[in-house]
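Asks: With chain A held as given, fit chain B onto it using these hints.
In case you want the letters, here they are:
Protein chains: 2
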Amino acid sequence: MHRLTIWAPEGLPEIVAGTDLGVAIGDLLAAQEPADRPAEGDVVVVTSKIVSKAEGQVVAAADREQAITDETVRVVATRERPDGPPLRIVENRLGLVMAAAGVDASNTPEGTVLLLPKDPDASARALRAALRARFGLDRLGVVVTDTAGRPWRAALVDIAIGAAGIAPADDLRGGTDTHGRPLNVTVTAVVDEIASATELVRGKATGRAVAVVRGADRHLSDDDGPGAATLVRTGPEDLFREGSREAYDRGRADALKPLGHAAT
Amino acid sequence: MHRLTIWAPEGLPEIVAGTDLGVAIGDLLAAQEPADRPAEGDVVVVTSKIVSKAEGQVVAAADREQAITDETVRVVATRERPDGPPLRIVENRLGLVMAAAGVDASNTPEGTVLLLPKDPDASARALRAALRARFGLDRLGVVVTDTAGRPWRAALVDIAIGAAGIAPADDLRGGTDTHGRPLNVTVTAVVDEIASATELVRGKATGRAVAVVRGADRHLSDDDGPGAATLVRTGPEDLFREGSREAYDRGRADALKPLGHAAT
Numbered sequence: 000m001h002r003l004t005i006w007a008p009e010g011l012p013e014i015v016a017g018t019d020l021g022v023a024i025g026d027l028l029a030a031q032e033p034a035d036r037p038a039e040g041d042v043v044v045v046t047s048k049i050v051s052k053a054e055g056q057v058v059a060a061a062d063r064e065q066a067i068t069d070e071t072v073r074v075v076a077t078r079e080r081p082d083g084p085p086l087r088i089v090e091n092r093l094g095l096v097m098a099a100a101g102v103d104a105s106n107t108p109e110g111t112v113l114l115l116p117k118d119p120d121a122s123a124r125a126l127r128a129a130l131r132a133r134f135g136l137d138r139l140g141v142v143v144t145d146t147a148g149r150p151w152r153a154a155l156v157d158i159a160i161g162a163a164g165i166a167p168a169d170d171l172r173g174g175t176d177t178h179g180r181p182l183n184v185t186v187t188a189v190v191d192e193i194a195s196a197t198e199l200v201r202g203k204a205t206g207r208a209v210a211v212v213r214g215a216d217r218h219l220s221d222d223d224g225p226g227a228a229t230l231v232r233t234g235p236e237d238l239f240r241e242g243s244r245e246a247y248d249r250g251r252a253d254a255l256k257p258l259g260h261a262a263t
Numbered sequence: 000m001h002r003l004t005i006w007a008p009e010g011l012p013e014i015v016a017g018t019d020l021g022v023a024i025g026d027l028l029a030a031q032e033p034a035d036r037p038a039e040g041d042v043v044v045v046t047s048k049i050v051s052k053a054e055g056q057v058v059a060a061a062d063r064e065q066a067i068t069d070e071t072v073r074v075v076a077t078r079e080r081p082d083g084p085p086l087r088i089v090e091n092r093l094g095l096v097m098a099a100a101g102v103d104a105s106n107t108p109e110g111t112v113l114l115l116p117k118d119p120d121a122s123a124r125a126l127r128a129a130l131r132a133r134f135g136l137d138r139l140g141v142v143v144t145d146t147a148g149r150p151w152r153a154a155l156v157d158i159a160i161g162a163a164g165i166a167p168a169d170d171l172r173g174g175t176d177t178h179g180r181p182l183n184v185t186v187t188a189v190v191d192e193i194a195s196a197t198e199l200v201r202g203k204a205t206g207r208a209v210a211v212v213r214g215a216d217r218h219l220s221d222d223d224g225p226g227a228a229t230l231v232r233t234g235p236e237d238l239f240r241e242g243s244r245e246a247y248d249r250g251r252a253d254a255l256k257p258l259g260h261a262a263t
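These protein sequence lines map, in sequence, to chains A and B. Just so you know, numbering that gives the first Met the number 0 puts the end of the first sequence at 263, numbered straight through with nothing missing. Just so you know, numbering that gives the first Met the number 0 puts the end of the second sequence at 263, numbered straight through with nothing missing.
Honestly, the hints are just simulated from the structure, not real lab data. If a hint is listed, it holds; no wrong ones were tucked in.
Identical chains blur together in the list; that is why a pair holds if it fits in one copy or across any two.
Okay, derived cross-link-like pairs now, SDA-like style, lysine to any residue, Cα gap no bigger than 25 Å in a straight line: (1) K256 <-> R244; (2) K117 <-> T185; (3) K117 <-> A153; (4) K256 <-> E245; (5) K117 <-> R207; (6) K256 <-> P235; (7) K117 <-> A59; (8) K117 <-> R131; (9) K117 <-> V15; (10) K117 <-> T71.
With the rest of the complex left out, here is chain A:
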């Protein structure tokens, strides 16, 4: 029977700047029943929040808007809001397009906001090394998750912003479907699906920042692999590089410039 199991233990202590995350997570997992400790083929999934906290990626909340500005590489779209500063959807320094550049005001002490980790793929690699050593494992994946909205759909899902020891995407191109036809375009974002799956067990308001996934071992790699950065898809080919309103306004402005008309 094809089966996947995900579990998320309680009891991770508060993570603060300087916490050795590999030790803290290793301790948490070592304290579980033997069957719930990491084994060959498992994927350990952690929220970016605890990675950020351990790295000290925390700034004062009064500077939230400035923090968003600082994390912004490129503004994609904005929307005025009656009850606050404009919503900004931006490309951040990790290439991720997100509301508020991924700056997070929840699950962090009052008066602070969390920035995203400096390099979540590197954090995933470090965590993988620590946990492989701790538990004596060869094949172990690590995924670092964050929460994001998406165009055309309400509500949020978790995605992978860091990954090590696991192929980020399951490339079936070259394979065939059940009718023997070539699968040309079916590339599955495995680590995003893993992130979403674990969110169902971790939750948001729970303090369960670590989960283990068993049954996805066919996606694991012997090396660290290319990381979740390979799922970033921005650049001049991006069909949604700008919000519709921003692109429209720019079209108007560009049309009127050579004619000496100001855009109104």
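Replies: Below, chain B alone, put in the same frame as chain A:
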């Protein structure tokens, strides 16, 4: 321990137009070991492909481009391709924004393409009724999945296009985070995460079109609920209602019209 388990049995027969899906899936699940048959609190997840096949939502492949046109309510963005007709990202009749309007040329006999189900929420409700009766269950969720790309990220994930007996989103607004602060914006697309999670077990080229999820019972509802259609988020407020190039071109054209200039 917070735990989620997902399994996907083999052995669903080929589904064709007129197949009673409730019976076919019921038979499949009834043939499993007792622990793997649906129980109170489970969610049964099925691909839209088998729903489409059972409904006869199949058209001739030669008409794939026409089928896409017929399923299109509104073109969002297009991109020329050197080796085929332009890629069209469109809003289809279900409000879903997808490449090729969700018309599917894989996992269907040569010479045919699959359209999306006529009403996946209704299909979910019918399936829920059939399986509740078959297995004597009060609390059972059903989710119908499809595969979709997303802006700014490579590769595809599964999402929910139909749902019954389960809250589509986990609305934590009004709750508090681990620091006691109000969670104002954290609404999780639970059924999309369930769809993604099951894809890890179903796969694409496998014929495993049905999965069961155990451990998500807190999301279940006693009634059918509003369905996955509530996750559709389009309309005039949509910041990405048009592709950037389309919006830019329209801005240029609109700027030049009153001046009597043709847009070049």
